[in-house]
Structure formats: structure tokens, C-alpha cells
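Colleague: For reference, the chains in residue letters:
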Amino acid sequence: MTTEPEAWVARFNEELRTQAPYMSSTVSRARERFGPAWSTAFGETLGHVIGDDEAFRKAVKGYVRFALDATKLQRSFEKELVYRISSYAEAAAEVYHNKEYMEGLYLPGILLSHYLWPHHYEQLRYFQQHFLPLIVAADDQQVVDVGVGTGFYSRQALVGAPDATCTAYDISEHSMGYARRQVRAFGGEGRWRGELRDVVADTPDQQWPFLVSVEVLEHLEDPVEFLVALRTMLRPAGRAFITAAITAPNADHIYLYEDVAAVEAQLVEAGFEVLDWREDIAYEPRAAEPVPRLAAFIVTRSEA
Amino acid sequence: MSIDRVRAVFRDVFDNPTMEIAPGLTAQDVDGWDSFNHINLVVALEDEFGLSFTTDQIAGMANVGDLVDVLNDLGQDVSW
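Order-wise, the sequence lines are chains C and D. Here the first sequence stands for residues 15 to 318, where the numbers follow the numbering used here. Here the second sequence stands for residues 55 to 134, where the numbers follow the numbering used here.
Sample of chain C residues at the chain D side, in silico, Cβ under 7 Å:
1) P35
2) Y36
3) M37
4) S38
5) V78
6) R79
7) L82
8) D83
9) T85
10) K86
11) R89
Rough simulated footprint, nothing fancy, chain C against chain D, three-plus residues with beta-carbon under 8 Å:
12) 77-88
13) 110-118
Computed far set for chain D versus chain C, every beta-carbon distance over 10 Å:
14) R59
15) R61
16) R65
17) N70
18) P71
19) T72
20) G104
21) L105
22) V122
23) L128
24) D131
25) W134
Calculated from the structure, these hints are not laboratory results. C-beta atoms are modelled at their ideal positions from N, C-alpha and C, and glycine is treated no differently.
Construct all of the structure, not just a fragment, from the sequences and the given hints.
Modeller: In C-alpha cells, the structure reads:
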């Protein structure tokens, strides 16, 4: 018997094969690698967040554009070994405040990539298996999500920890709207508050026991400055989940991390102690070319 | 301009010297035509014709006919 989530995945697969036949093995590869739990999680996201026919077609189109953009940028990066843009102002103008780009490509692309790109899904599993239990076990389950993006990790925290509350910050009005809709779709709106804020320029006075900041660092000219602000927002003995993309060009990636050690060095410089980490790779290289990677860290404040 | 130059690019990208193309040919008909090779194909066509495709144009290339349409939209006048 086909469950509703599986029906959503089948529908997505059909639409993806129609729009982009060269991506026709994307769903089957993920299902084969990650099993029925993946199908359920992906299908629930499609059903809750994407919804009606027109939005569904647009979301698939957005994902196709996002994936092709990333692939084309990766090909250029393999030759040039530098990211295309180097300033935050360029990224903000081209991406974060560009409604058509954000809603037509970037946000649906990122949302769906959490399930369709293996290294993104592995990062999600690491969060669910190693960070969420810390929240669930705590007396104080307040979470701050800095750089909320699509709201995906806010939603994961609220669904995975039913007693948790979440404050989310982002500099993009389009991200914040999308995040609010995602959180609402999963019933989390009563426990979530979103605010447009640059936490470097205007660091909140509040401190949280749990902090999440997923794939923000590579979007910044000065990641250490941002990490220092995050440390200020984390309560002593609190726990943070901080991740970064490595050798992974995108329309708004500015800071090029060459390896995991480079990210770790910045975390330590900013005053964090690394408790655990993992690295995931997008695909095996065909030769010796750089491939996109994700590094995820669970850290606390260093009091040394 | 005939389709020969486009055919030559396909044969090179897919390493198949006898490959034939037709308007309705899609990735599902060709071994190895995944998103990685789709971009290889796009980059090779850009180099061959001295063009640059937008992401929307690349995303719209669901079959070879679509691809030829984009080339013609960009002034290449490719005929079958």
C-alpha cells in the first residue's frame, strides 16, 4: 500500500523526470541509499510545505535551476579554484534581496537539497542523532537559529523536540517569510519567533542554551566576526550546531574553506571548543578535482 | 548551419563516435546523460558556439530539440 508521503515522492519523481530527464535517477539513488525513512521524511516535506499543483511545479523548477546552477559553478571552480563573488554586498543584491531569485530558485532549491543531496541529508541525520537529543534531554529547551534560511532546521528542532522554543534570525525578508510558512506547516508557529536582524551589527543581549547556524559561514566575508557574535549568544556550557560548506561554489558563497581544519580553526579562534564533528562529501571525485563537502560541528564555549 | 556541429559535440561528450541525435532524444535515451554530463554538454556547446547559456535556458533543455531551439533563439540558425 502506498502511503501519502510515498505518493508525494512518486509525484515529485514524475515531475522531475519530465522537467529534467537527466535528473531522473536522483530520487531512486537517494531512496536506495537512505531507505524508507528518507521517503517518509521527504514526502512529508513535499506534502506539508509545497502543496498545490502550481507550487509543486514551481518548486521542482526551482530545484532544477538551483542544482544546475551549482553544477555549472562547480565545473568552473574545478578549473579556477576560486569562488565567483567575493563581497557580501554582491551576494545580498544578487540573492538575499532578490525576490524572484530567492522564491523561484534559491529557497525551494535549498529546501529540496536537504533530501536530494546526500551530503545534506547526512548532515540532517547527524543533527537528528547527535544534537537533537541534547535539546530533548535539557530542562531549558530554548533554541536560537541564526541564518534561518528556509526554516528547515528551525522546523527540525521544533518537531524533534516538542517542548522546545525557537528564535530565528536572518537578514533576508524572503527567507523569513519562507521559514515562517515552513514552521507553520508543521504546527510550530506557537513556539517560533522570527526577526530580521544582522546579529553581527546588532548582537542580541539574550543568551540561549542551544544555538543552530547551518551553512552561513561560507556566505560571509568575515566568518570569525560572525562566530564571535554566536559565541556571545550562546550561554556558558551551552551547545551549538554550526556547519559550513567546503569547496562548494554557489551564487552567494564568498568565503572559500579548503578543508575541515580551516573551519575548525575559525571556531577555535572565535572561542569555541569542538566537542564532535563530521564531514560529508557530495559525491566521489572522478579524478582529483575538488568536490563539495559539508562540515558539521557540535561546539561549546571555550572558557580557557 | 547544420546539425552536424551539435552532433559532433554530443559524440564527444558521450564518447560515442556513432551517436545519432534527434529532436525527441532525451537523457533517458542516452547512457550516462546525468546532470553532470548535462553540464558537460552545455559547457561544450558554449565553447563550440561561443555562447553563454542562462540557468533558465539550461533548465529548459529537456530534449535535443529544446537545446537546438535555444541555440536558434541565440541566433545560431541550426537546421536539422
